[in-house]
Amino acid sequence: MEDIKRKIGTGIPINIEDNPRREGKEHVKAMRSVQGSAIISRQVPQKLKNLEIFTISIEIGNIHFRKALCDLGASINLMSLSIYEKLRLQSIDRSLVHPKGVLEDVLAKVCSFINSVDFVILNFEEDREIPILLDRPFLATSKSTIDLEKNKFTMKINGETKIFKCGHQQDEVDKKKL
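Per the working numbering, residue 96 is the first one in the sequence shown, and the count goes up by one each step.
FYI, nobody ran anything at the bench for these hints, they're computed from the structure. Computed from a prediction, not measured in an experiment: that's the story for all the values here. Glycine included, each C-beta is placed from N, C-alpha and C at the ideal position. Take these hints with a grain of salt, some might be off.
Unchecked claim - Label pairs and their computed distance ranges (CB to CB): (1) ASN218 - ILE258: 14 to 22 Å; (2) HIS159 - VAL215: 20 to 28 Å; (3) ASP242 - GLY168: 16 to 24 Å; (4) ASP200 - GLU244: 31 to 39 Å; (5) THR240 - ARG183: 16 to 24 Å; (6) ASN218 - GLU147: 22 to 30 Å.
Input sequences plus hints: build the corresponding full structure.
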């Protein structure tokens, strides 16, 4: 086993008896060794932030939303009741139960792309900063691809391609604009 550990170049013990954690803080020395840190930096990719959610700018009707949340885990598009009332759109079923209704075929503009989007209207307190939640079907309709390593979000519609920054970089770009 020691031969294998030497080839790998780590100071991580294979069995419990060799574990330096049992003897106090000596395990820290193993991680600080020059040889070990060089191997770790060469072989282990940098840990990336979770980009399961990011924001994009979207326009519905004559209202521009600077930040609409794209959630890779969401299966429906959501809109608060207050946003729905501001847009003066008519829901399909005109129901007054929770959810408040469903809007179908709402035209949403992202840059020069126009998509037809369905929204579920819920009566919840609007988030002033991010009032719209966009789902996987919205992203799939626009043939979106997301490069999590480069924080790049690409939309393709009718042969035209647009590339956006997403994740934490998007927030930094927005802060610089203010």
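Each hint tested on the structure:
The supplied range of 14 to 22 Å is broken by ASN218 and ILE258, whose beta-carbon atoms lie about 36 Å from each other. The hinted range of 20 to 28 Å is satisfied by HIS159 and VAL215, whose Cβ atoms lie roughly 22 Å apart. Separated by about 18 Å at the C-beta atoms, ASP242 and GLY168 satisfy the suggested range of 16 to 24 Å. Checked against the hint of 31 to 39 Å, the C-beta distance between ASP200 and GLU244 comes to roughly 35 Å, which is consistent with it.
A beta carbon spacing of about 34 Å between THR240 and ARG183 contradicts the range 16 to 24 Å that was offered as a hint. Checked against the hint of 22 to 30 Å, the C-beta distance between ASN218 and GLU147 comes to roughly 26 Å, which is consistent with it.
Taken one by one, the earlier hints fail for this structure at numbers 1 and 5, listed in ascending order.
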